[in-house]
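Undergrad: The listed protein sequences derive, respectively, from chains A and B.
Read in order, the letters of the first sequence correspond to residues 1 to 291 in my numbering.
Read in order, the letters of the second sequence correspond to residues 1 to 281 in my numbering.
Calculated directly from the structure, the hints in this document are not laboratory data.
Wrong hints could be hidden among the right ones.
As the list claims (entries may be wrong) - Computed cross-link-like contacts, BS3-like style, restricted to lysine-lysine with a CA-CA straight-line distance of at most 25 Å:
id, chain 1, residue 1, chain 2, residue 2
1, B, 210, A, 61
2, B, 61, B, 90
3, B, 151, A, 77
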Amino acid sequence: MKQLLVLSGKGGTGKTTVTTSLIHISQVKKYADCDVDAPNLHLSMTEIPLKETIAINGLPKAFIHQDICKNCGLCQKYCRFDAIYLRENEYIVDSMLCEGCSVCTLVCPVDAISMKKNANGLLRNYENEDTFFTTATLNMGSGNSGLLVSEVKNQLKTSDVESSFEIIDGSPGIGCPVISSITGVDLILIVAEPSVSGISDMIRVLEVAKRMNVRAVVSVNKYDVNEEKTYDIINICKERNLVFVGTIPYDPKLIEISNGIFNLDTLNHSIGYESIKHIYDNIKSILLGDE
Amino acid sequence: MNETPTRIAILSGKGGAGKTFVSTNLAYVGKATYIDCDVEEPNGALFFQTTVLKRTPVMVKIPQIDSKKCTGCRQCVSFCQFSALAFINKQVKVFEEVCHSCGGCSLVCPEQAITEKGKIIGWMEESISDSVHILSGKLNIGEESGVPIIKDLIHYQRENNLEIIDCPPGTSCSVIEGISSADYCIIVGEETLYSLENLKLVVDLLEKMKIPFGVVINKSTTDESELYHYCTTKHIRILSRIPYMKEYQFITSKGELLSKYSPSGKNHFDSLLEAVKEAIR
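Looking at chain B on its own, in the form it has when it is part of the complex:
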């Protein structure tokens, strides 16, 4: 690694606005590392149509109770803030899905009856395609939180100078993990009222976290939208306006990269990359 890479996180507030569409295409034209942090529903790797080279399990620590040592004092049960422990049939039962792995129960146990064991909650998958290094997180079905997977993805060693982080929708804890180390954020918005309302929440979040950002207007059908006016009034930089085209929708629905299969599509992302570089400078 020669220098600190530039990290760009892509967000939207509302799902389906085009986060993965923008992230994958931007990573393609920028020959970047693409990191899919939407671990509940990861889709980015599908667009690179390649096979997984390496799978790494993501582990969390889960308490393990030694029933021989446990005296039934229930201090662990009353300490646990997440109701992940209960005293049932004279035994401490662990509800693994809601455990936050804080380690409090093993600290509080006076008998040292609680140790921690590893539990796989999901996977990190790595592949390479068209000079793009692809890292995806995948939460196992039935697990409640993908935050530990996002942490592993963010801290994973990689070599490109440009990193594109595809975030989950919303403004919850998982999104914070994805953007906390970003140099710049791109919010992808549509021109509907639903999308605008959700985008405002993301703007509030980024302003609070003091991360610079710009907006991409996706599936645009007019230059006079509410979203456009909102951005200009708030002095938010509009990085690109990608028009609504049936052809673009179709290519994307097939799981193909627009910038690979459509010259006009590629133009949008070449100039978006330039606009982002300009904004960071």
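Chain A extracted, bound-state conformation:
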């Protein structure tokens, strides 16, 4: 089984549009959306029925029992996250800021603080006869998105659907959700944007991939917005010995995918979709060549 992860560094370069196209082109049977902060893949994958939703607990959050609390303020003093504040003579936990370390329970001299279960996000599994799709949404203000990403990837592992190939849509950035999504994948496809920002962000995510010893290949979306920057990206790939798998032109037909509309009749033979087919051919030979 081979896993392909789609990343970009910068947001909005076209990760999910490219992922949706790759899923259709490859006819892959198992795929996941690990962008738990702002998931969108399900908006394009409407034909597969929802099978189950599972609430995922994150770290518990502190709760102060006012009837026991003696207002000594030690919890506030020791909290490193400024999550405890005084309101009308009562110490209160701001659950958005509480990171669940439980230091406050340790320092409270009268045992007035307990840790309460806290839902971190909601996992959704979609399934039909031969296809499995999993995604999740992080609850607002939650931390530990890496934990939720690992849960999504676990669903792929435990599903009964058989597939020799899996595609994962990643999230922007280089922090915990990205690091969790990279763990264990065979290949990363970077969807870069030909701009000063896009290049800077691409280099940072390539550094993360390198540190984690996962191979990355690069494509450029909307390459014709700035051809000079596209050449810069190709040159960066040469310098770093990374395979450049292709460019995608600006194509309004592809933008329809980000409106949740996937119409093969209009997509087939469009320049944008054809160039993603070409990129898939390149990725396939790299993934199979490794075997």
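Got chain A sorted already, so can you dock chain B onto it with the hints?
TA: Below, chain B without anything else, positioned relative to chain A:
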């Protein structure tokens, strides 16, 4: 500093909607302090094309185990909620990247074998260009969380009356840090379904946090979009509609400020600044 500055945070939900585009241009026309809180992928400073005047390391506290004092009781390992400590080969090992610096392990250790040392997780960079004071945070590669950098950026002393905070995408803990002290928020949205769905999450968050906000519709191609209808139905103020123009995309892709190089571009941001001032009043 003469009065409390006005803080405006820029958010989007979906990445690439134009947060940095709106933040940098608004800071330029408003001669403001620009604060880049997208510490995983900071780009704002690139648009001001200037050199860094000052770099300050951002430190967090990481446990340090004195192996002579440690008796191997493992109370620290079982206390740590983040699995940042493990007992391997008769020694406590620290996994620094996942440590949240809560200080619990040193409190719980009965032998006082745990002290804390500083560790650099990223940098704060400061520069000045065209009367804009630029502050950027940059997370080191391989680090998991940039929240401590955002905290340092927000609490850093500065002098302008107007502050523009460029937030990371999404609605996670890093975004909360960026907006918790804001007087007003601007959500940047595109007219696609993806962008609208992510924007709704941000609206929920701001309503919950009771921070006033308005919307900028970026890369607009129609006046009759779903996003427009969503905003009018929910009585959300539309501050500006910036049209999709190949020229705008090109200038931005080169790393240049639209309001500096395009008179029509500058008009959008002059009137956006007015609209925001009006909304805050």
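Undergrad: If a hint holds in the structure, say so; if it doesn't, say that too.
TA: Verification of the hints:
no.	hint	in the structure
1	210/B with 61/A	holds (22 Å)
2	61/B with 90/B	holds (24 Å)
3	151/B with 77/A	holds (18 Å)
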